[in-house]
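Protein chains: 2
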Amino acid sequence: MIRSPDNDRLKTIRKLRQKRWREKLGLFTAEGEDLVDAAELAAWEPEFVLRAGEDVEPELLDAVSTLGSGTGVIGVYPRRWADPRGEVLVYLHGVEDPGNVGAIVRSAHALADATVVLGPGCADPFSPKAVRASMGSVFARPPARAPLEALPGRRVALDSGSGDALGEVRLGDGPTVLCLGAEREGLPAEVLEAADAVVRIPLRPGGPESLNVAMAATVALYEVERRMRGHA
Amino acid sequence: MIRSPDNDRLKTIRKLRQKRWREKLGLFTAEGEDLVDAAELAAWEPEFVLRAGEDVEPELLDAVSTLGSGTGVIGVYPRRWADPRGEVLVYLHGVEDPGNVGAIVRSAHALADATVVLGPGCADPFSPKAVRASMGSVFARPPARAPLEALPGRRVALDSGSGDALGEVRLGDGPTVLCLGAEREGLPAEVLEAADAVVRIPLRPGGPESLNVAMAATVALYEVERRMRGHA
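Taken in sequence, the protein lines are chains A and B. Numbering of the first sequence is given in the numbering used here, commencing with residue 123 and proceeding in unit increments. Numbering of the second sequence is given in the numbering used here, commencing with residue 123 and proceeding in unit increments.
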């Protein structure tokens, strides 16, 4: 039973709040029973798991938790990246908010069993906030890292201002790569130009000019699945 | 120019972080140029607006900001609720996360010009986090508060486990009320039973059993609009 805040494992957990330590140590944390269960279900071996009252004094675990309410369990895991493959891929460019990156990982997993591919300028999907937003899907479908050029298949870029309505998107025989950019800036010109198709989600005139990027990705995944599976 | 942290306006802003003060004073805050602009665009008169360097010392404004990075402007506004009307309504039951409530207000505005109706157990849409997540849509389309029984139109309940696929949803001639529940618990039995239709968003087997509630609401709004407008 760990009874000192100077314990090495607790120190490691504290360090892993920071991206540079996650990169240096090649580790990340998952807090709470649901996420630790998701890791186990995905057969993602932990470096170690600390349970309050079993392995560590509850107050000491709460003190290193990133959850305001504290937590009953924290697992530490090796970071692992996927290869960019599958029928549907979601390529993100400059999506800086970890909550959005995590939410997209979850939606991609739930709707299309799709892999999320991180391009330049994206938030770390292994940050505590992103892992939590993924609801554990980061274990089942870890993201890939790759430049857009390296991805197979038909590239469909989402843009808020231009392109055909999403519902008219034409899908090829091979994989579909949905490309989304940062909330405000959208996709850079070179990505839009390199796309096989540019589509927009139809929005009401006079309202907001765009959706939150996680919402846009989720709607696009729903529509692509609907068309691929022939849902009504 | 305000130069003291004991200034009454700064004290008011600090109080408005708490729900009980927002209710007591009937006010809420919006931080940042984009949100203050959205209020102005919606002709929502502020109680007062404080700009860093003009009305108040920048450090003092940063000190009352809820943004980690500080802010250049904070507006204080009277709370105002809408009436539940329109072609499309989104009824929320027990959605406790303010980020989700705000994001749904934004998606409802952007996709369907729809009003969000808050049932029991929902987060305050006028909290700083909800206002921010709404990206200012809370000014253009403020939410309503009403029990489900009071809403006009056809009630379509979203459930993660049961019902027809969303794409098969039948819409009536009158308004459509999309009903969504809390992330884990879903809608209570009485809401499901009172619904005219129960639908689910088709998810891949073996993956997560549900989407985040804001994602689910956004997909449902997209689908209803697609069918109402006859998008391909």
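Since the hints were derived computationally from the structure, they do not count as laboratory data. Where is the CB? At the ideal position from N, CA and C, for every residue including glycine. Treat each hint with caution, since some may be false.
Away from chain A, derived, C-beta distances all over 10 angstroms, residues of chain B [to be verified]:
1. Arg125
2. Lys133
3. Lys146
4. Ala317
5. Val320
6. Leu333
7. Tyr344
8. Glu347
Dumping the calculated EDC-like pairs for lysine to aspartate or glutamate here, alpha-carbon to alpha-carbon at most 16 angstroms [stated by the list, open to error]:
9. Lys251/B to Asp281/B
10. Lys251/A to Glu155/B
11. Lys251/B to Glu331/A
Going down the list of hints, with the structure as the test:
The claim that Arg125/B lies off the interface holds: its Cβ sits roughly 33 angstroms from the closest Cβ of chain A, which is beyond the 10 angstroms cut-off. Distance to chain A confirms Lys133/B as a non-interface residue, since its nearest Cβ pair spans about 24 angstroms, more than 10 angstroms. The beta carbon of Lys146/B is kept farther than 10 angstroms from every beta carbon of chain A, the shortest such distance being approximately 24 angstroms. Here Ala317/B stays apart from chain A, with its beta-carbon at least about 19 angstroms from theirs, past the 10 angstroms limit.
Annotated as non-interface, Val320/B keeps its C-beta farther than 10 angstroms from every C-beta of chain A; the closest such distance is 16 angstroms. Some Cβ of chain A comes within 10 angstroms of the Cβ of Leu333/B; the nearest lies about 6 angstroms off, and the non-interface call is violated. For Tyr344/B, the shortest C-beta to C-beta distance to chain A comes to about 5 angstroms, within the 10 angstroms cut-off, and the non-interface label is violated. Chain A draws Glu347/B into its interface by the beta-carbon criterion, the shortest separation being 7 angstroms against a cut-off of 10 angstroms.
Between Lys251/B and Asp281/B the CA atoms are separated by roughly 26 angstroms; this puts the pair beyond 16 angstroms, and the hint is violated. For the hint pairing Lys251/A with Glu155/B, the CA-to-CA distance comes to about 26 angstroms; that exceeds 16 angstroms, so the pair is violated. Note on Lys251/B and Glu331/A: the hinted pairing is violated, with a Cα-Cα distance of about 21 angstroms set against a maximum of 16 angstroms.
When the structure is compared with the earlier hints, violations turn up for hints 6, 7, 8, 9, 10 and 11 and for no others.
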